[in-house]
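K.L.:
Residues per chain are reported as follows:
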Amino acid sequence: MTEFVLECTGVSKKYGKKEVLKNINLQLERGKIIGLLGPNGSGKTTLIKIINGLLTADEGDIKVSGEQIGIESKKIISYLPDRTYLADWMKVKDIVGMFDDFYKDFSREKAEDMLKRLNINEDDRLKTLSKGNKEKVQLILVMSRQAQLYLLDEPIGGVDPAARDYILNTIITNYNPDASVVISTHLISDVEKVLDEAIFINNGEIVLHESVDDIREKYSTSVDGYFREVFKC
Amino acid sequence: MLSKLLKYEFKATSRVFLPAYAVLLIAGAIQKIMLQFGFYNKDMGVFSKILGSIVPSLLGAAVVAIFVVTLVVMINRFRKSLLGREGYLMFTLPVNTSQLILSKAIAVLAWAILSCIIGLITVVILVYDTDFVNFVNDAIGLVGEASRQAGASNVVLFFIETVLTFIFGIVNLTFMIYLCLSIGQLSNKHRGLCAIGAFVGINFVLRNIILAIISNVLFTDKFVPPFYLCGYDTASIVGILQMMNAFMLAGLVIVIIELLIYFFITKYILSNKLNLE
Chain A
1 MTEFVLECTG VSKKYGKKEV LKNINLQLER GKIIGLLGPN GSGKTTLIKI
51 INGLLTADEG DIKVSGEQIG IESKKIISYL PDRTYLADWM KVKDIVGMFD
101 DFYKDFSREK AEDMLKRLNI NEDDRLKTLS KGNKEKVQLI LVMSRQAQLY
151 LLDEPIGGVD PAARDYILNT IITNYNPDAS VVISTHLISD VEKVLDEAIF
201 INNGEIVLHE SVDDIREKYS TSVDGYFREV FKC
Chain B
1 MLSKLLKYEF KATSRVFLPA YAVLLIAGAI QKIMLQFGFY NKDMGVFSKI
51 LGSIVPSLLG AAVVAIFVVT LVVMINRFRK SLLGREGYLM FTLPVNTSQL
101 ILSKAIAVLA WAILSCIIGL ITVVILVYDT DFVNFVNDAI GLVGEASRQA
151 GASNVVLFFI ETVLTFIFGI VNLTFMIYLC LSIGQLSNKH RGLCAIGAFV
201 GINFVLRNII LAIISNVLFT DKFVPPFYLC GYDTASIVGI LQMMNAFMLA
251 GLVIVIIELL IYFFITKYIL SNKLNLE
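Chains as they are written, first to last, in this note's numbering: chain A, 1 to 233; chain B, 1 to 277.
Quick caveat, the hints were computed from the structure, so don't treat them as lab data.
In this text, a Cβ means the ideal position worked out from N, Cα and C, and glycines have one as well.
Keep in mind that the hints are not guaranteed to be accurate.
[As the list claims (entries may be wrong)] If you want the ones that stay clear, here's a sample from chain A, every Cβ over 12 Å from chain B, calculated: (1) F4; (2) T56; (3) G60; (4) G70; (5) E72; (6) R83; (7) I95; (8) L118; (9) N119; (10) G132; (11) L141; (12) D153; (13) N174; (14) H209; (15) S211.
[Stated by the list, open to error] Here are the simulated lysine to aspartate or glutamate pairs, EDC-like style, with alpha carbons at most 20 Å apart: (16) A:K32 with A:E229; (17) B:K11 with A:E122; (18) A:K17 with B:E258.
Required output: the full structure, derived from the provided sequences and hints.
P.N.:
In structure tokens, the structure reads:
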């Protein structure tokens, strides 16, 4: 097993003339929960999409547990996109079955257990679920896998505070020491308590990558406070 | 993994096709019953007039609908479930791009063939009577006669090539549409417009280029008639049928070469230039 679960070297991406990622260099260790923090349009989602193979970088190299982006990397990444990707016609149990079919590391019992806990009926059609419940279903699917890298893009954006706590708890309790979790968000105060490390990203550049304890010690403020200072408008 | 993808593809598409087939078959059966009992000729007042206009138009609409639905599914299952938001799931599954493309194409081909079979069954239901049975018998006799005169193997080959041309023609169209949509998604703003542009481009420009190459490079005056049509005795039925078979085979080869080109460019774009919204 490689030391780093994710290595990005010189990753750049342009949309037309606009540079959205500029020479990103990043190494993530195993067993950490990492916040990918930045204002809207800073390049968080673009970076996550590139690591997932949904976009192609113009330059640079990415390795996930030593694997290039491809089938092997997709087997070990569990990805929660910033939008709902569920087909409306499916029932909750259909999509659970689909994950069970395609991902070897998926635990059906775990998913069914969490669905019950959040009062989501497996026989409901996805079409009939509220936006928040759809997000919960997706998060349950993603966290029911034993992946090595979890990439969660805005996992708590659309759900109520009570569900937020449950979701964050799920994240902390569901990953193992070989895996790391990347949470992209701008709701820092909500996730701060679970983070080990924070990455600040702005205008497509990484401006800081430090452990949360170091940030608190060095700048004697919370990550949220420091974020507000760095990204002051 | 392809079989698993196919399982979900058929599940997703059967919701559309099965009801359409049911409407078609039921409308066909009702129409048949009405005709059988001379319902439309009897004076039963407004009721028969209403039914007399509803059922045939329903039947016509169902026939048109089946073909429209097949085409729409061909386009939309690729556009929405791969290049739309569902693509976020499909492209992060541990499968390769070929499997994703093939699962869509195989499913739509199966439905297209089934649509034709169901359409044929509806026609048979409608026209089935003693005349029809005689007609079928005559046709079988004619094929038998042709086999005796032109050689059974030539006739069989002719039918096989006809069926293959039909099948690969559908695959060719499917892959061309996939290629256009894949080119369209390269654009950040005008996906639909770019896809249509690609469609026009492929159909008019590329086709003309291919034709120009075929007619100017491969078959200049030196080669007329084309090599694959030489050496047949056009005075005999056997010779004409063999020549037709050779001609269809050449067409089939071009159709297959085209669809392979479409497939591999699509695969390249989706593997290396994927640009999901």
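K.L.:
Now tell me, hint by hint, if it's right for this structure.
P.N.:
Now for the hints, and whether the structure bears them out:
no.	hint	in the structure
1	F4	21 Å, holds
2	T56	6 Å, violated
3	G60	15 Å, holds
4	G70	8 Å, violated
5	E72	8 Å, violated
6	R83	6 Å, violated
7	I95	9 Å, violated
8	L118	20 Å, holds
9	N119	24 Å, holds
10	G132	17 Å, holds
11	L141	9 Å, violated
12	D153	10 Å, violated
13	N174	19 Å, holds
14	H209	25 Å, holds
15	S211	29 Å, holds
16	A:K32 with A:E229	25 Å, violated
17	B:K11 with A:E122	18 Å, holds
18	A:K17 with B:E258	35 Å, violated
The structure does not agree with the numbered hints 2, 4, 5, 6, 7, 11, 12, 16, 18 stated previously, though it agrees with the rest.
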